[in-house]
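Trainee: Sequence:
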Amino acid sequence: MDIELQEGAAQAIAWDLIRLLHQGAPAEEFAARLAEVEALPEQERAKPGLVELVRMAMALRNRLDLSQQRESGMLAVIESARDLSSRLHLQELLRAIVTRARNMLGSQVAWISSFDESLGAFHVMATDGALARSTGNMTAARDLGIVSVVVRTRLPFTTADYLSDTRFAHDAALDQTFRDEGIAAVVGVPLLWEDEVIGLLFVADRYHRTHTAQNISILSTLATHAAVAIKNAMAFEQAGAALASAEAARAELEHHARKVQAAAEAHEEMTSLLARGASLATLCEAVARLMEGDVLVLDEAAQVIARATAPGGGGRAAQHYEANGNHSSALAAALRQSRQVGRSVVAYEAHGEACRVSAVIAGDDVLGAVLLFRRGTLDQMSVRTFERATSVVGIVLLARERMEASQSRDQSALLRALVSPRQDDLAVLCERAGRFGLELAQPCSFLLLDLGDPHAGQAVRRLRAARLLPGTVFDEMDGVLTVLCATSQADEVRKLATELARAETGSDYRGVLSRPLAGPASLPAAYVTLRRALPVLRRIGVNGHVVNQNEMALYSTLFETHDQTSLAAFLEATIGALTGHDARRGSELAPTLLSYFDCNQNAKLAAQRLGIHVNTVRQRLDTIEDLIGHLGNATRALEIHMALRLWNLTRPS
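If you read the sequence shown in this note's numbering, its first letter stands for residue 14, the second for the next number, and so on.
Hints were generated in silico from the structure; no laboratory data involved. Every residue gets a Cβ at the ideal spot worked out from N, C-alpha and C, and that includes glycine. A hint or two may mislead.
[Stated by the list, open to error] Label-pair restraints from in silico Cβ distances:
id, residue 1, residue 2, range
1, E282, R356, 15 to 23 Å
2, L256, A336, 49 to 57 Å
3, G325, P467, 39 to 47 Å
4, H364, R289, 55 to 63 Å
5, P467, S258, 54 to 62 Å
Kindly produce the complete structure, drawing on both the sequences and the hints.
Mentor: Given below as structure tokens:
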């Protein structure tokens with residue numbers, strides 16, 4: 014009966030163990046069963062067998078647990094391989110690798126490094142779980158730390174206490190980083206590609222830990238998959254970069270093709286305008302529209318002869334351009350450079366716009382320049398388009414200069430024939446003058462303006478370019494601007510010539526306007542008289558004035574051979590007391606006496622001309638006689654009158 018009971022108990026224990034194995038019970042329950050069996054009385058004959066049976070069950074349970082762990086690890090590796098193979102963005106892939114490695118081994122920190130050719134060391138590319146900022150910036154040389162062992166052996170390496178491990182040479186910087194991070198245990202595996210270590214995968218813990226062979230095997234398998242995925246991602250990035258480069262090249266080619274087409278169309282348009290005989294203003298408008306900016310065409314003296322603005326545009330820089338303005342030196346330097354290199358150059362920037370200048374050259378002569386004002390930079394194709402347009406403008410300027418040169422030769426020849434003592438047939442001269450709109454049968458007048466070289470020549474070119482003096486014949490003759498016009502338009506010619514002279518020289522000019530001349534036969538003598546008058550004006554110090562010939566007749570005769578010093582002495586000796594008195598006291602004695610003489614010594618008429626009471630005139634005359642003596646002597650009066658006229662001619666207006 015006892016034997017039957019013992020066999021029943023043993024059978025029950027066996028069935029219970031099978032049940033626990035089937036249910037996957039925890040190790041604690043198997044340990045409890047072992048404790049129960051070991052507690053049986055020693056006299057029980059079945060006790061040793063039952064103890065062995067429980068221990069066998071526990072061993073089986075451990076093998077099943079290990080098998081499940083391996084299966085779980087393999088499933089994790091397979092899942093990781095599937096996940097990694099689907100990622101083609103390199104940085105995203107690196108982050109996924111370190112996160113997988115950390116989670117699969119249950120570690121606290123993970124990072125991956127790749128070899129940097131520029132540094133000659135392994136540099137961290139991605140981290141997970143790091144607390145210290147320096148962990149993500151670690152750099153490890155090939156011959157220090159765990160890196161030296163893994164690179165040399167191409168095998169995994171693990172240490173439970175990195176900082177105390179003496180199996181490798183330590184790197185002080187890395188050791189400090191590990192201290193900052195609190196790392197103790199580390200395991201590193203190589204990322205191999207065709208027997209080359211392309212990177213290293215690390216997991217670490219902040220406590221001493223010994224990794225199992227299975228953990229290291231899983232990490233190595235992950236590293237193998239990671240190496241393949243990284244190569245795929247790098248290849249994908251390279252392919253993407255190549256594709257992007259090809260796309261950029263295609264876009265650039267299309268852009269270049271459009272630019273070439275636009276340049277060809279622009280050249281065709283400019284050529285067509287030139288063939289149709291378009292004016293300079295029309296060409297300027299076309300260039301401004303093509304270049305999307307403001308365009309100025311300058312002559313050789315940097316004066317604007319044409320301008321245009323792009324539709325919807327209109328910057329400030331072109332509007333503020335002045336030939337002698339703030340940027341004249343920069344413009345002159347840019348023109349010299351443009352002439353030397355044969356290309357356009359940027360001269361200066363103003364009001365947010367760049368001024369690009371291109372010299373217009375014909376042989377060795379500079380015809381002028383074309384200025385382009387616009388915001389933003391021009392590409393090389395646009396620069397070439399501007400320079401081709403400048404060439405077309407140059408053709409127009411050259412044709413214009415040739416036409417003006419022909420007209421200039423004709424006018425010059427006619428003018429010199431008219432003032433020559435040996436005139437040609439007068440009827441022929443009148444007919445030639447009529448071609449320029451000048452009727453010599455009508456009263457005419459000469460205007461001679463002393464500007465000096467090269468201002469006189471520039472003034473002539475500007476007058477012809479702007480066509481400011483229609484119906485006249487003019488030219489530069491020995492540094493003097495000489496104009497022959499109808500007397501009816503003499504005042505207008507005088508005004509225009511004076512404005513031009515002031516713009517060219519400031520106040521360093523002087524001129525004389527002749528009295529009306531009847532017929533071409535009187536022109537040579539009148540011209541000689543006026544030429545004799547110009548040096549007299551210079552000697553007596555006339556600047557910035559154009560005087561009438563009638564005012565100059567007496568002085569031309571008296572002072573042609575005198576210098577300015579002697580004239581000043583004459584004035585001082587004759588009327589110096591009057592002018593000195595006026596200067597000191599602000600009186601008007603000299604003008605009053607001049608008006609008195611001009612009115613034939615009639616005090617009432619002089620008072621009316623001066624706009625004062627006649628008694629005031631008489632009082633002033635008394636003061637004058639006290640200063641310079643009695644005025645009744647005719648010779649003395651003539652001398653004083655002449656001095657006053659000369660003083661009035663030379664005083665500032």
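Trainee: Indicate, hint by hint, whether the structure satisfies it.
Mentor: Against the structure, the hints come out as follows:
no.	hint	result
1	E282 - R356: 15 to 23 Å	holds, 22 Å
2	L256 - A336: 49 to 57 Å	holds, 55 Å
3	G325 - P467: 39 to 47 Å	holds, 40 Å
4	H364 - R289: 55 to 63 Å	violated, 35 Å
5	P467 - S258: 54 to 62 Å	holds, 58 Å
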